[in-house]
Amino acid sequence: MIALANGCSKSSGTTDAGTASAPDKSVAPAASAVLATSPASSSAPAAAASSGPADDQALCPEEMVFIPGPKPFCIDRWEDILVDRSTGNRLSPYYPVDRKLAMRLASDWETKRSTLGTDEGKAIAVPPLSAWQRGTDADPMAVSKPGETPNGYVSGKVAQRACENAGKRLCKQDEWVRACRGSEKRQFPYGDKHEQGKCNMFRFTHPGAVLHNDVTTGHLDPRMNLVSDKQGPLLHKTGETRTCRSDWGQDGVFDMVGNLDEWIDDPEGTFLGGFYSRSKKDGCSSIVKNHPFEYFDYSLGVRCCRDAGK
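All letters in the sequence shown, in the order written, are residues 1 to 310 by the working numbering.
One should not assume that every hint holds.
Dumping the calculated DMTMM-like pairs for lysine to aspartate or glutamate here, alpha-carbon to alpha-carbon at most 25 Å [claimed, not checked]: (1) K185 / D247; (2) K100 / D119; (3) K122 / D139; (4) K230 / D56; (5) K185 / D98; (6) K310 / D56; (7) K198 / D174; (8) K172 / E184; (9) K289 / E268; (10) K281 / D192; (11) K281 / D265; (12) K310 / D266; (13) K281 / D214; (14) K280 / D266; (15) K172 / E110; (16) K289 / D265; (17) K193 / D214; (18) K281 / E195; (19) K230 / D214; (20) K71 / D266; (21) K289 / D56; (22) K280 / D247; (23) K185 / E175; (24) K310 / D192; (25) K198 / D282; (26) K71 / D174.
Everything labelled a hint here was simulated from the structure, so no lab data went into it.
Work the whole structure out from these sequences, hints included.
Following this line, the structure appears as structure tokens:
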């Protein structure tokens with residue numbers, strides 16, 4: 001379809017004000033409890049067995065991978081979905097958390113879709129926004145599980161809040177890169193050289209070209225991550241790209257390169273890994289630092305870390 005673009009544009013996404021207060025961990029539901037109430041698709045890849053001693057993996061929750069070293073830590077095995085902390089209800093992956101903005105985007109793009117883009121793009125419906133989400137000021141919590149559409153439209157502040165609500169935190173840059181490179185310290189999860197298709201990266205279609213005939217605008221259109229090309233959906237479900245696994249023995253972390261960019265712990269604003277249509281081949285070294293922590297668009301998601309044993 002349309003050639004590659006490098007991703008986000010400052011004018012096409014937006015920023016949010018974040019959240020006002022720190023989470024009260026005494027009442028936050030455990031991530032494992034939410035996992036139990038929301039079974040994954042039967043077609044999703046199961047979590048692999050731990051490569052290290054059982055007591056090492058026991059230092060991490062079951063949905064996280066133990067990363068050994070002088071400062072061992074745990075990292076989410078899959079890119080995160082967002083749920084409401086108090087109810088466990090799933091937040092749509094196609095809208096920002098802010099309910100008023102989400103409602104406005106749903107309404108605006110229902111009108112705009114008939115006037116912009118290709119015929120293929122006009123045929124893509126605006127995804128539904130549930131009555132529950134329209135009426136609730138949700139408090140996001142990150143949940144890592146396979147076979148799910150990961151949440152895009154996530155700002156750094158929302159990502160930080162979501163991880164904290166799950167009893168975790170945003171990864172530090174060195175932690176994220178270390179986890180991505182795997183135990184063999186490779187440039188890509190699968191090896192040292194770029195191989196097209198091994199990770200969901202460098203796709204030859206940009207959703208903005210299909211939906212708007214313009215890759216630089218409309219980055220809050222709720223349909224952006226619903227676009228497909230000849231290879232299938234541009235955004236993959238968590239763990240679907242089995243060749244994009246950063247190996248740690250018999251265990252591994254999925255989709256650290258491609259699919260969605262992931263925020264890290266930097267109040268100035270940094271995200272890593274690249275998203276599906278970014279025209280870069282730098283693997284675990286992929287980094288973007290030109291957006292503030294409050295910025296968000298369709299290509300931005302989250303994955304959490306925590307100290308091992310906590």
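Consistency of the hints with the structure:
Restraint check for K185 and D247: the C-alpha separation of about 10 Å stays at or below 25 Å, so the hint holds. Taken as a hint, the K100 and D119 pair is broken in the structure, with Cα atoms around 29 Å apart against an allowance of 25 Å. Distance hint between K122 and D139 is unfulfilled; the C-alpha atoms sit about 33 Å from each other, more than 25 Å. Under the criterion of a C-alpha separation no larger than 25 Å, the hint pairing K230 with D56 is inconsistent with the structure, at around 42 Å.
Simply put, K185 and D98 have alpha-carbon atoms about 39 Å apart, too far for the 25 Å limit, and the pair is violated. Between K310 and D56, the direct Cα distance comes to roughly 12 Å. Compliance with the 25 Å bound is thereby established for this hinted pair. Of the pairs offered as hints, the one joining K198 and D174 holds, with about 23 Å between alpha carbons and a cut-off of 25 Å not exceeded. Note on K172 and E184: the hinted pairing holds, with a Cα-Cα distance of about 20 Å set against a maximum of 25 Å.
Taking the CA atoms of K289 and E268, the gap is near 8 Å; set against the 25 Å cutoff, the hint holds. For the suggested pair K281 and D192, the alpha carbons sit about 11 Å apart, so the restraint of at most 25 Å is met. At roughly 23 Å between alpha-carbon atoms, K281 and D265 fall within 25 Å of each other, so this suggested pair holds. This hinted pair checks out: K310 and D266 have alpha carbons roughly 22 Å apart, not beyond 25 Å.
Under the criterion of a C-alpha separation no larger than 25 Å, the hint pairing K281 with D214 is consistent with the structure, at around 23 Å. Of the supplied pair hints, the one linking K280 and D266 holds, its CA atoms being roughly 22 Å apart against a limit of 25 Å. A distance of roughly 39 Å separates the Cα atoms of K172 and E110; the hinted pair therefore is violated under the 25 Å criterion. In summary, the hint linking K289 to D265 is supported, as the alpha carbons are separated by about 12 Å, within the 25 Å threshold.
A hinted pair counts as satisfied when its Cα atoms are at most 25 Å apart, and K193 with D214 does not qualify at roughly 31 Å. Proposed proximity of K281 and E195 is supported: the alpha carbons are some 9 Å apart, at most 25 Å. With a C-alpha separation of about 20 Å, the suggested pair K230 and D214 falls inside the 25 Å cut-off, and the hint holds. A distance of roughly 19 Å separates the Cα atoms of K71 and D266; the hinted pair therefore holds under the 25 Å criterion.
At roughly 34 Å between alpha-carbon atoms, K289 and D56 are farther apart than 25 Å, so this suggested pair is violated. Of the supplied pair hints, the one linking K280 and D247 holds, its CA atoms being roughly 22 Å apart against a limit of 25 Å. Between K185 and E175 the alpha-carbon distance is near 12 Å, which keeps this suggested pair within the 25 Å criterion. At most 25 Å may separate the alpha-carbon atoms for a hinted pair to count; K310 and D192 exceed this at roughly 33 Å.
For the proposed pair K198 and D282, the alpha carbon gap of about 13 Å is at most 25 Å, so the pair holds. Restraint check: the Cα-Cα separation between K71 and D174 comes to about 11 Å, which is no more than 25 Å; the hinted pair holds.
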